[in-house]
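Read top to bottom, the protein sequences are chains A and B. Every number in this note's numbering is 64 more than the matching position in the first sequence, counting from 1. Every number in this note's numbering is 20 more than the matching position in the second sequence, counting from 1.
One thing to keep in mind: the hints can contain errors.
Stated by the list, open to error - In the DSBU-like style, the derived pairs of lysine-lysine whose C-alpha atoms are separated by at most 35 Å in a straight line are:
#1 A:Lys348 <-> A:Lys182
#2 A:Lys316 <-> B:Lys30
#3 A:Lys310 <-> A:Lys359
#4 B:Lys84 <-> A:Lys234
#5 A:Lys359 <-> A:Lys182
#6 A:Lys359 <-> A:Lys316
#7 A:Lys310 <-> A:Lys180
#8 B:Lys23 <-> B:Lys189
#9 B:Lys189 <-> A:Lys348
#10 A:Lys359 <-> B:Lys189
#11 B:Lys189 <-> A:Lys156
#12 A:Lys192 <-> A:Lys182
#13 B:Lys189 <-> B:Lys30
#14 A:Lys225 <-> A:Lys122
#15 A:Lys310 <-> B:Lys189
#16 A:Lys234 <-> A:Lys182
#17 A:Lys192 <-> A:Lys225
#18 A:Lys184 <-> A:Lys316
#19 B:Lys88 <-> A:Lys385
#20 A:Lys180 <-> A:Lys316
#21 B:Lys189 <-> B:Lys88
To be clear, the hints were calculated from the coordinates, so they are not data collected in a lab. Keep in mind it's a predicted model, so treat the numbers as computed, not measured.
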Amino acid sequence: MLIRKSGSTSIPSSEITPRSVYMDRRSFMAAGAAGVAALAAGRFAQVLRPESVHADTKLTTVSSPFSTQGLTPTSFYDITHYNNFYEFGTDKDDPARYAGSLRTRPWSISVEGLVKAKKKFDIDTLMKLQPLEDRVYRFRCVEAWSMVIPWIGYSLSEFIKQCDPLPSAKYVQFLSLDDPSQEPALNRVQLDWPYSEGLRMDEAMHPLTLLTFGLYGQVLPNQDGAPVRVVVPWKYGFKSAKSIVKVRFVQKQPSTTWNEMAPNEYGFYSNVNPNVDHPRWSQKVERVIGAPIWKQRQPTLMFNGYADQVASMYTGMDLRKYY
Amino acid sequence: MSKRVVITLKVLVHIACLAPVAWLVMRGFQNNLGPDPTHTVTFFTGRGTLRLLVITLAISPVRKVIPKLAWIIRFRRMLGLYAFFYGCLHLMTYVWLYAGFSWAAMVDDISQRRFITAGLAAWAMMVPLALTSTSWSIRKLGGKNWIRLHWLAYLAAIAGVVHYWWGVKQGDRTPMEITVVLGVLLAARPILNWVRD
Numbered sequence: 065m066l067i068r069k070s071g072s073t074s075i076p077s078s079e080i081t082p083r084s085v086y087m088d089r090r091s092f093m094a095a096g097a098a099g100v101a102a103l104a105a106g107r108f109a110q111v112l113r114p115e116s117v118h119a120d121t122k123l124t125t126v127s128s129p130f131s132t133q134g135l136t137p138t139s140f141y142d143i144t145h146y147n148n149f150y151e152f153g154t155d156k157d158d159p160a161r162y163a164g165s166l167r168t169r170p171w172s173i174s175v176e177g178l179v180k181a182k183k184k185f186d187i188d189t190l191m192k193l194q195p196l197e198d199r200v201y202r203f204r205c206v207e208a209w210s211m212v213i214p215w216i217g218y219s220l221s222e223f224i225k226q227c228d229p230l231p232s233a234k235y236v237q238f239l240s241l242d243d244p245s246q247e248p249a250l251n252r253v254q255l256d257w258p259y260s261e262g263l264r265m266d267e268a269m270h271p272l273t274l275l276t277f278g279l280y281g282q283v284l285p286n287q288d289g290a291p292v293r294v295v296v297p298w299k300y301g302f303k304s305a306k307s308i309v310k311v312r313f314v315q316k317q318p319s320t321t322w323n324e325m326a327p328n329e330y331g332f333y334s335n336v337n338p339n340v341d342h343p344r345w346s347q348k349v350e351r352v353i354g355a356p357i358w359k360q361r362q363p364t365l366m367f368n369g370y371a372d373q374v375a376s377m378y379t380g381m382d383l384r385k386y387y
Numbered sequence: 021m022s023k024r025v026v027i028t029l030k031v032l033v034h035i036a037c038l039a040p041v042a043w044l045v046m047r048g049f050q051n052n053l054g055p056d057p058t059h060t061v062t063f064f065t066g067r068g069t070l071r072l073l074v075i076t077l078a079i080s081p082v083r084k085v086i087p088k089l090a091w092i093i094r095f096r097r098m099l100g101l102y103a104f105f106y107g108c109l110h111l112m113t114y115v116w117l118y119a120g121f122s123w124a125a126m127v128d129d130i131s132q133r134r135f136i137t138a139g140l141a142a143w144a145m146m147v148p149l150a151l152t153s154t155s156w157s158i159r160k161l162g163g164k165n166w167i168r169l170h171w172l173a174y175l176a177a178i179a180g181v182v183h184y185w186w187g188v189k190q191g192d193r194t195p196m197e198i199t200v201v202l203g204v205l206l207a208a209r210p211i212l213n214w215v216r217d
């Protein structure tokens, strides 16, 4: 029988020479023995620690009224081994395997666009801007699976206030790291990089929208979008941009990666909505990650269960048109 | 090929086709099929169907190219039936774990989602093939009609591969492998005929 796990014979992306390296052979040669040695050492390190990913730094947190009560979090293992993070590959376990090459220090977020003045925030400054809160949220992927994740962070609105956006700013765009030397799949996966996501200003300012630095009591594991990401719990997961390096305030709805790729499948709003199906599957039910197979199906809730808090932002909007 | 060897090989083929299912069921009860067991079972049974179907379709061209292997024809029926068996498991996965045994959900899916329609069509085309797999059917239909009917296996495989492409995300190339193999098999028939002539 020829059944085997997909891709088990294909070359792991860690062993594929990055495009930038082979396109640039001359400077590569010029880099000399030291460079070669460093590269070899880097390779070695990746082979030696295929799941190099847990930063494992504990965070001090406070409780939050915005945390969702009465939910049992998905296991840490599943949260860190079932990821969509195409910068590291399209298989769910690719990020756990390959995100070890992501360097999360030094790191900063540049703020630009419709702001009083351009600014740059260092990650360690950002993490001290506000007390870090425990926020347990439901997480619903557009692919019809769901988790419960104990995130750590503070409301994005606190950060936006520090950015001094102009009144003309109607949307905020998030751009993720776009560095093939750290993210091996960038050259292989056909998407319009860098990964771009966006929110309407009122959505970004909503207290549930979380600027996220950690989960399960520790800093974000690389494969979950380290060192800083947003989490928008009432929208499908792809709206919650990972590994953010740039925040841009704009007047018009920004172009976003999946919406550009397949506008009929991924709307700009992408609010969790059991009444609006994805073209390829129903969104009425979801598969609970980690549950035994006979208990996986569960009904999907409007706005992922956060309707009381967020529905008022969309009154009068046709959610079938603006899916 | 002695009778004894053929029987031994058949036992091995049965084991090779059934062991993965036993493994799947056991792992399912242990909740050890990965973070999303429904997804695991879906792809396991779906890919299994296509692979078995393609192996079944490969038998006849392989015999033509390597006359020494003519005896492998004795395995075609059981492989085809196993392809159908995996197809049924795949369909059951959908009916139970995705549609939740709801007719309304299934009608919704079939009317709105072309990848489900293609998959169902592929399965439906395998039904008459499974039903007419007996020697009695071959006699009853007559060899020529039976062969004509069983060309449906190619259509079922094509529909299955189309179902696979339509089911995955845009940009996902995983169905490519099986598509290439099927393409080679589809091309092999006319090419072999042309060479023979």
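Do the hints match the structure? See the list:
Restraint check: the Cα-Cα separation between Lys348 (chain A) and Lys182 (chain A) comes to about 43 Å, which exceeds 35 Å; the hinted pair is violated. Taking the CA atoms of Lys316 (chain A) and Lys30 (chain B), the gap is near 66 Å; set against the 35 Å cutoff, the hint is violated. Taking the CA atoms of Lys310 (chain A) and Lys359 (chain A), the gap is about 40 Å. The hint is violated against a cut of 35 Å. Distance hint between Lys84 (chain B) and Lys234 (chain A) is unfulfilled; the C-alpha atoms sit about 68 Å from each other, more than 35 Å.
For a cut-off of 35 Å, the pair hint linking Lys359 (chain A) to Lys182 (chain A) is broken: about 50 Å separates their Cα positions. Under the criterion of a C-alpha separation no larger than 35 Å, the hint pairing Lys359 (chain A) with Lys316 (chain A) is inconsistent with the structure, at around 43 Å. The suggested pairing of Lys310 (chain A) with Lys180 (chain A) holds, with an alpha-carbon distance near 16 Å, which does not exceed 35 Å. Under the criterion of a C-alpha separation no larger than 35 Å, the hint pairing Lys23 (chain B) with Lys189 (chain B) is inconsistent with the structure, at around 48 Å.
For the hint linking Lys189 (chain B) to Lys348 (chain A), the alpha-carbon distance of about 19 Å falls within 35 Å, and the restraint holds. For the proposed pair Lys359 (chain A) and Lys189 (chain B), the alpha carbon gap of about 26 Å is at most 35 Å, so the pair holds. Restraint check: the Cα-Cα separation between Lys189 (chain B) and Lys156 (chain A) comes to about 13 Å, which is no more than 35 Å; the hinted pair holds. Taken as a hint, the Lys192 (chain A) and Lys182 (chain A) pair is honoured in the structure, with Cα atoms around 20 Å apart against an allowance of 35 Å.
At most 35 Å may separate the alpha-carbon atoms for a hinted pair to count; Lys189 (chain B) and Lys30 (chain B) exceed this at roughly 38 Å. Between Lys225 (chain A) and Lys122 (chain A) the alpha-carbon distance is near 27 Å, which keeps this suggested pair within the 35 Å criterion. For the hint pairing Lys310 (chain A) with Lys189 (chain B), the CA-to-CA distance comes to about 27 Å; that is within 35 Å, so the pair holds. As the CA atoms of Lys234 (chain A) and Lys182 (chain A) are separated by approximately 17 Å, the hinted pair is consistent with the 35 Å bound.
As the CA atoms of Lys192 (chain A) and Lys225 (chain A) are separated by approximately 15 Å, the hinted pair is consistent with the 35 Å bound. For the hint pairing Lys184 (chain A) with Lys316 (chain A), the CA-to-CA distance comes to about 23 Å; that is within 35 Å, so the pair holds. For the given pair, Lys88 (chain B) sits about 63 Å from Lys385 (chain A) by alpha-carbon distance, which is inconsistent with the 35 Å threshold. Proximity of Lys180 (chain A) to Lys316 (chain A) is assessed by CA-CA distance (about 18 Å); at most 35 Å being required, the pair is judged to hold.
Restraint check for Lys189 (chain B) and Lys88 (chain B): not satisfied, since their Cα atoms lie roughly 43 Å apart, outside the 35 Å limit.
Of the numbered hints stated above, those contradicted by the structure are hints 1, 2, 3, 4, 5, 6, 8, 13, 19 and 21, listed in ascending order.
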